[in-house]
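Number of protein chains: 2
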Amino acid sequence: MNKFLRVDMRNQSIKIEEAPAKYQFMGGRRLISQLLLDEVDPTCEPLGRHNKLVIAPGLLGGTPAPCSGRLSVGGKSPLTGGIKESNSGGTAAAKLARLGYKAVIVEDQPQEGWYILKINKDGATFLNGENLLGLDSYEACKRLREEHGEKIGIIIIGVAGERQYRLATCAVADPEGDPARHAARGGMGAVMGSKKLKAILVDDSGADDLQCADRDAFLATSREWAKELAATKTVMTELGTANLVLTTSALGCLPTRNFSSGSFEKAENISGQRMRKVIQERGGKTAHNCQRGCPIRCSNVYVDEEGNHLTSSLEYETLALMGSNLGIDDLDAIAKIDRFCDGFGVDTMELGDAVGVAMEAGIVPFGDVDGVMDLLQQLKEGTVTGRVLAQGTEIAGKVLGVRRVPVVKGQGISAYDPRALKGTGVTYATSPMGADHTAGNCLPGRTGYRELTKESPDPCSAERQIEMSQDLQILTAVCDYAGLCFFVGAALPTAKRVAKLLRDRFGKEFSVNEVLEIAKDCIMTEVEFNRRAGITVADNRLPEFFSEEELPPTGSKFDIDNKDLQTIFDNLSVEVEI
Amino acid sequence: MNKFLRVDMRNQSIKIEEAPAKYQFMGGRRLISQLLLDEVDPTCEPLGRHNKLVIAPGLLGGTPAPCSGRLSVGGKSPLTGGIKESNSGGTAAAKLARLGYKAVIVEDQPQEGWYILKINKDGATFLNGENLLGLDSYEACKRLREEHGEKIGIIIIGVAGERQYRLATCAVADPEGDPARHAARGGMGAVMGSKKLKAILVDDSGADDLQCADRDAFLATSREWAKELAATKTVMTELGTANLVLTTSALGCLPTRNFSSGSFEKAENISGQRMRKVIQERGGKTAHNCQRGCPIRCSNVYVDEEGNHLTSSLEYETLALMGSNLGIDDLDAIAKIDRFCDGFGVDTMELGDAVGVAMEAGIVPFGDVDGVMDLLQQLKEGTVTGRVLAQGTEIAGKVLGVRRVPVVKGQGISAYDPRALKGTGVTYATSPMGADHTAGNCLPGRTGYRELTKESPDPCSAERQIEMSQDLQILTAVCDYAGLCFFVGAALPTAKRVAKLLRDRFGKEFSVNEVLEIAKDCIMTEVEFNRRAGITVADNRLPEFFSEEELPPTGSKFDIDNKDLQTIFDNLSVEVEI
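Residue numbers (numbering that gives the first Met the number 0), protein chains in the order written: chain A, 0 to 577; chain B, 0 to 577.
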């Protein structure tokens, strides 16, 4: 696994390159951060010719390591104006890795036409993509499977990406071949759309097995770990990420009515427990897996009363930002919204935040499901209102004249109010990724690798939140470069296992500190890209309303000093103390 | 003239303070840049409680020096996210200066209500501003004159400012008391609106004469200069700024149809020459003055066929950005658009750019006057389309999916295509003010103060444009801190006269280098504010289409290296060489 597939969309040329040695121990997010810093002018226009879209499996991609099938998608973000990596489950990452690709690098833009890039063991070719334009992505994937086989891996943009909407995702097909998993954040779908690349197909049939320096040791560690995950992650298997709804509502950090409360009086109705009951009664599926061989299986297939597929998978972030944040407690309605977003290629978090802001502006009342459906229709039709929402929360806030706009660095905050989960607030404020819980989510119970972080702080206290965020940003980046789903745990034991697996894969010793060091390099490279792009530590701050308004029911405000947020990356420690 | 009038809108309290000694030789833009750096957190939200609006006459404000009545209005800009100073003619600056005020500093926001601040020789008081809400500003000024006297100075926002539209201006009433002059750029009207300050009234009756260290010398210099200006600026007196239409069209830098051409085939129809003829035939007024005693009198009163007031004053930037840039060659139509913008409180440049972008998006065809009138109506009604335009060119471009968007640092480019007037392009790219010709307009014939800049370069050549822009940014800042209209000439002779006038006013020797040094300090203070705000030299660049697309008819592209633009302020020289 040491090749780059470099495609130039200007003239549809394809080059397969040996990856230079410096990239050997870089994968996923780490590889993307370095390639972008090395090859892309940070001041370029995100939707212009000079940006690049980089797609990369992690260092453990394509191996039997559990949950190693995350696909990283990156580029300069049209939403934040800075660097972005967003990753997704699905089947494509493992297939790309098995074909020997560390990364697909998509450059420039064609003067006309739309394209599909098909990759297989013989190389890659361009196909005409025009006949997929305008389709719902479920339908587009169905046609692609019909033409190219059921087992094809698919990375695809929806109509939102075609139109370069800033909340457009890159969907990655799940084992059923549906566009149900998304590299959702930062508008990577718009970047792919700007390159007129409708889809990438990955056919790994006939690929050689990945080489391992010590295959037996690697398999033993993987098996043991998978077993442990299956035994310990039972809540995730049963309830999926939706298990968090009642937890965050109880903690008081569940975004409710555009972040005006941290608890939703109808949280029960959109809880994981309720969803599991509904799914089981109707004959849907819980314990669904988004990538092959996952021992956690947190995904689900949500069906309607007749048992027909409504959406897959209904996740916590969607339940919160399209549910409580909009004052909606109707699971079926949220499932329909989610299905629309999957098919149209839209980030449910960014759109949920934007609709919340539109509701605060009085465009549609809170709780009005029909009103939200009308907004989705407007998004589809491309009315001016639809196009405002399509540009994300910050622009919606500006256009609609709302002051309470939950964004950092141009990106909507995800489904944890930072006033009652302050470590995650620190991550929102400081991550080079913009407001993104997947950069380091400091939920109670999570711990870092230092003395200071061996116990989880009170989520409403300002104490030790910066340290927690630092550690969890590092530990999350470990997962992101290894290609691991962070549900294996963004935690020290994971870093230890990654050290072992990297050793057995590459035949080189890795200390835990070295494993963390790569993550630190990843983040610092992103910070540097952003600095050159003109996004600086001055942007490491939350909107003012979070420090001015008390959040019911805890009454908590975000009270971590902006000066401390500005200096968070000055001395990132990766020395393991515990 | 050494007092600050500090008003806290939170509790409507008013303080009159002795200005600290460090501000003694700061006025206008220089004073604003320092006050903002000293008192405002650069990372604050521009429309939030922590921004301040600062209004300041220049160091020569209120004196008999010709054209010394510019009023600087500044704050953190909601359009650029950086520091902003925008200045205007009208009568208020001289009155404020005569009352002894160096600056009015408006802080915080009230919890309810709208206010008018009335300033006179006895101090200042708040009046209820609610009954002026929603009015056309011409009508509002009429009512204010009826109530407070014909001679009152007025600074007022329109409905655009009330709604905090990012293209809202602060209007400054002219000698007739009409809101015809505007501190237009950067959304200062939105900042004033965010503070619920509808208007500031300045009554200088009974004010003492300004003190001068050497009154006779000061008057002699002023008189001699005024005479020279009256004798040499005859083109400005006859044709106003509109004289530029044929010049820029001939040079190929007149923005035409959203910056897709630099010459307009119907330029003749919107030329200064044509306008003068129409005004004279209909009984309007050329050689109108915007401030008392101006020897240049570049303003005009444009009337309809019946001789009724249509607008005052029709300026080059409006003729270009609301005319050729929209494919419109109908003077009466442009006059009506201008009148709407004055009454509603809108920057004609920002709106012209935004409408040009909307035309490129196909919202309204180029040349469609009725379509533009409909967009203005939508702005007034606050439809979503109207609100998109109201947020300025950058956001209009994003929402409407246009790639050719003429902005720098979030602000629309003014009426000179940078590809065929490259020095001005350098100013757009680098000025801490965002794309703003008033920060240093490098028209042919203009010269700096160094050997390198003693001759004006070919506007399409890349040679010496950075040096020209550096010198003219400095020379313009001299006018901006002195409170001089830059039509006296942003040039070395002006700096020499300023040195003399400052000496005779303050009784302290000023060398020409010292006069330039203050201007340099002004710019560097702004650069520092922006750096702290997160706007860096990485933002010193033009949109990519200016370097990728050839501009007809010259075929010129903007080809000045971005690296050179990034370092332009590293070594600003203020050593006079010629």
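Watch out, some of these pointers could steer you wrong.
It does not matter which identical chain is meant; a pair holds if it fits inside one copy or across any two.
[Claimed, not checked] Below, a list of computed lysine-lysine pairs in the DSS-like style, where the Cα atoms sit at most 30 Å apart:
id, residue 1, residue 2
1, Lys556, Lys195
2, Lys562, Lys519
3, Lys379, Lys276
4, Lys21, Lys562
5, Lys150, Lys335
6, Lys120, Lys265
7, Lys562, Lys226
None of these hints come from the bench; they were simulated from the model.
To see whether the hints hold, each was checked on the structure:
1. When the C-alpha separation of lysine 556 and lysine 195 is checked against a cutoff of 30 Å, the pair qualifies only between copies, where the shortest distance is 26 Å, while the shortest distance within a copy is 44 Å.
2. In the homo-oligomer, the alpha carbons of lysine 562 and lysine 519 lie at most 30 Å apart both inside one protomer (21 Å) and across protomers (29 Å), since each shortest distance falls under that limit.
3. When the C-alpha separation of lysine 379 and lysine 276 is checked against a cutoff of 30 Å, the pair qualifies neither within a copy, at 32 Å, nor between copies, at 51 Å.
4. Taking the shortest alpha-carbon separations for lysine 21 and lysine 562, only the inter-copy value of 27 Å comes in at or below 30 Å, while the best intra-copy value is 35 Å.
5. With identical chains, the CA atoms of lysine 150 and lysine 335 are at most 30 Å apart within one copy only, with a shortest distance of 27 Å there and 64 Å across copies.
6. In this homomeric assembly, lysine 120 and lysine 265 never come within 30 Å of each other (Cα to Cα): the closest approach is 52 Å inside a single copy and 61 Å across copies.
7. Taking the shortest Cα distances, lysine 562 and lysine 226 never come within 30 Å of each other, neither inside one copy (44 Å) nor across copies (55 Å).
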